[in-house]
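Colleague: The chain contents come next:
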Amino acid sequence: MAADGQWLTFLVLILPFLGAAAAPFLTRAFGHNAAWVLALVPAFIFYHFTGFLGAVSEGETVAGGYAWIESLDVDFSWYLDGLSLTFALLISGIGTLIVLYSGGYLKGHPHLGRFFSFILMFMGSMQGLVVADSFLTLFVFWELTSITSFLLIGFDHSREAARRAALQALVVTGLGGLSLLAGLLVIANITGATSLSALLSEGEVLRAAPLYMAALLLVLGGAFTKSAQFPFHFWLPNAMEAPTPVSAYLHSATMVKAGVYLVMRLNPVMGETLAWETILPVFGGTTLIIGTLLALRQTDLKLMLAYTTVASLGLLVVLTGFGSEVAVEAAVLYLVAHSMFKGALFMIAGAIDHETGSRDITKLGGIGRAMPVTFVAAVLAALSMGGLGPFFGFLAKEEIYAGLGFASGWSILLTLTAVLGNALMFAIGFAVALKPFTGVRVKMPKTPHEGPVLLWLGPLVLAADGLLAALFSDLSHRFVSSPMASAVAGEPLSVSISVIPHIGLPLLLSVLTIALGIAFYLTLERGRAAMAATLTAIGWGPDRGFDQAVRGTVRLSTFVTGIVQGGRLDVYMTATFIALAAALFLPMVIFDELPAMPVLPSLPFYELAVLAIGFIGLAAVLHARDRLTAIVSLGIQGFAVALIFMLLGAPDLSFTQFMVETLSVVILALVMTRLRLSPADHRPTGQKMLDISIAAVCGAGLGLILLRVTQVPFDDALSVFFAENARVIAHGRNIVNVIIVDFRGLDTLGEIAVVMIAGLAILALVRIRPGVAPIKAEKKQRARAVEKVEA
Amino acid sequence: MHTLIFRTIAPYLASLMVLFSIFVLLRGHNEPGGGFIGGLIAASAFAIYGIACGVAPVRRALYFHPMAISGFGLLVSALSGAVSLFMDMPFLTGQWTEIDVLGLPVDISTVLAFDVGVYFVVVGSITSIALALEEREHA
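In the order they appear, the protein sequences are chains A and B. Using my numbering, the first residue of the first sequence is number 8, and each one after it goes up by one. Using my numbering, the first residue of the second sequence is number 3, and each one after it goes up by one.
Everything labelled a hint here was simulated from the structure, so no lab data went into it. All residues carry an ideal CB built from backbone N, CA and C; glycine is no exception. A few of these clues could be false.
[Said to hold, decoys possible] To be clear about the criterion: a stretch of chain B counts as covered by chain A if any three or more of its residues have a C-beta under 8 Å from a C-beta of chain A, and this derived list gives those stretches: (1) 11-20; (2) 45-59; (3) 99-109; (4) 124-133.
[As the list claims (entries may be wrong)] A few chain B positions that, by computed beta-carbon distances, are all more than 10 Å from chain A: (5) 7; (6) 76; (7) 93.
Go ahead and model the full structure; you've got the sequences and the hints to work with.
Modeller: Structure, rendered in structure tokens:
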């Protein structure tokens, strides 16, 4: 537990958000070259986290944090072990390359600054997610990644497809986030732990608890939506509407792995149960096969990669849930390898799009000579994706087959699933890396040539990393794979696989995978046609289902709104006042609190006179022929009340009452002229009788309740306090004013905010053009028009 | 209501009312009055001016949009409450100081600033509603 340097880690956690605030200004100053400056942010974070590698590889963990909301016992805390450190390094390392790549990819875009801002905000959220320790910190950052992802997918907000994809991703991952929150609360309830580090020692309690299943399903609901597991996979391919740097970063290398991260994090706590080892492989395996098959169908480079990402995430879930140590090691290796090669391939797809103007694999060919550096990077990345030596992907694949093994029927099934999935991914990886670059040069929207350094630097570095990490496997295992695998398994593990192949079953399966992969590659066109035909035959998918669910919800809410808010003011008023009458009378009747008959006081003549004024006002209202007169007459009644206040020694109240009364008469009169109501009252007699009785009941209720209140002994503690302290503490002799502006200042602040908001709302209402009819009237008109046409 | 007498008197009446409203606002801490009442008086002054002479002259005279005045008031009130934060006291704790105006000692406080904010919010909101209603058929 290293406490020193705590503030530095905290700084590193908020640094991306500071960078996001500065990004628009930097971009205004330096244009797309601001990327070089902004890349320093993730680069510094990367550097900071490498400082922990030594300690973490020795098996230590680093924890830190601050009290956040002390009264609720909530901390802002982080926890670094092999798992979170590897993730943090991937996020900041790839983040550095992505920021640079964005500078090249979106050069000259009018909203480049905003883009940098979003992507740095995302980076900060993701960073916080993987190092978070307390549940609440984890959840807050989890939701922040959903929100920033929404902003990034919908970056090109003028296109409807982008908006729909952004909304879809937000709805799916947001619902998952709520499920995760519920799951974490259940876990906290069972174990009493509110942080991940504390939870690690509570595994047995949690697994034995009767609510274990509920907690598991809820948490997996969060993980599976985030990591696009079947049947929630559909949002990920749609998210390809985002600019390519986003796809490379969020939807392959980092965010979608948040679900996998969560599953890995909870493996030592919730794993090794029958439910865990069934649900995860089943969903993961299904996702793997469906993802690869759907990828076959695509011709768009990004969509092909997107579906293979779905498949890879499925594979990771299978491996984590399988329950053997070697499988955990395989998951760790594959996760690291995948982040590097898939990030690189996405950036390459973007570079091809940027330089040729097309991403359609059937319309690309022979650009290898024009874009040699990109080509090299693509081949390097594809070799790793295909699992060929001497690349990191090779290590991962060997370990996958060693981990799943042939021990039982279950593991044979999963192994065969993995072989099939890997072979299809092999085919698609090479299709993306070879097809556009080789073969006959076809005509493209733009003449291709090598992109600027910003465009090829990222993919090349990532692809080369896949090679270096495998060649120096001792180092990468010592600092990355072993500590991470230990954290996932919950016990010390040492990864030892190297590029030198061992003759054995895994190698045999690798050869089989490659052979199958080459076969798929050669028959890619036929496979695509077959898949297309199958999908057309099925004709329905979760993507359509999402639309249907959204439409259904909208229809339901329209239906409910139609009932609750019919658009008739008199109905609203009647409902409101009936509710008021009930609220006044029911408690008094139910609790038997009706007031006793008061003793009528003998009033002096001037008080009787004021009372008389009030009655005259009332009579005038009843007698008035048109509405305007009635409103003005109501003012008489109000002035009588103001006079009563004055006589009873409340000048402030009286003063205010006068002003309010005057202004309401003025404003009501103005509203009347504005609405152009007919001057006279045309309600039918029945309606009038109903309204009169409601009014009478409300008035009687209010009167009775006031009587009752004044009959309760008066507690003068507050009045005495205010009277004593207004002068002493608050320097004022007018107690009412002192209460308003000092003793109860916060109330007043809230009230004036309400006054202003109400003002804004009324202003908006007044400004509505008379031409815009209410929705219902419009609908009726439309219905009438339809009837006419039909007739 | 375009009577000659009303139209002639309205500007004077309105300015008197605004003056009176400021008086009511400032004396509020010790005598009946305060920001809320003062604001209502000023708002009725503008409403009268608007009814008599039309909305355009009122808008010209106010210079700022009434809603902006209201927003300014809310900001003033909130900021006056924040002053005490810098002195390690809870939000909205009143701060007092005495200054010398032409030989007279005058108490100045964040509470007064708060009340001035209330005044502006009330003036702005009510005036903008009233003016919007007074404006007839327009683009």
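Colleague: Taking the hints in turn, state whether each one holds.
Modeller: Comparing the hints with the structure gives:
Requiring three or more residues with a Cβ within less than 8 Å of a Cβ of chain A, the coverage given for the region 11-20 of chain B is violated, as only 0 such residues are present. Judged by the Cβ-Cβ criterion of 8 Å, the region 45-59 of chain B is covered by chain A as claimed, because 4 of its residues qualify and three suffice. Counting residues of the region 99-109 of chain B whose C-beta lies closer than 8 Å to any C-beta of chain A gives 1; at least three are required, and the coverage claim is violated. Given a C-beta distance limit of less than 8 Å, the hint that chain A covers the region 124-133 of chain B holds, as 7 residues qualify and 3 suffice.
With a least CB separation of 19 Å from chain A, residue 7 of chain B remains clear of the 10 Å interface cut-off, as annotated. With a least beta-carbon separation of about 6 Å from chain A, residue 76 of chain B fails to lie farther than 10 Å from that chain, contradicting its non-interface assignment. Consistency note on residue 93 of chain B: stated as away from chain A, yet its beta-carbon is not over 10 Å from all of that chain's, at 7 Å minimum.
Violated hints, listed in ascending order, are 1, 3, 6 and 7; each of the other numbered hints is respected by the structure.
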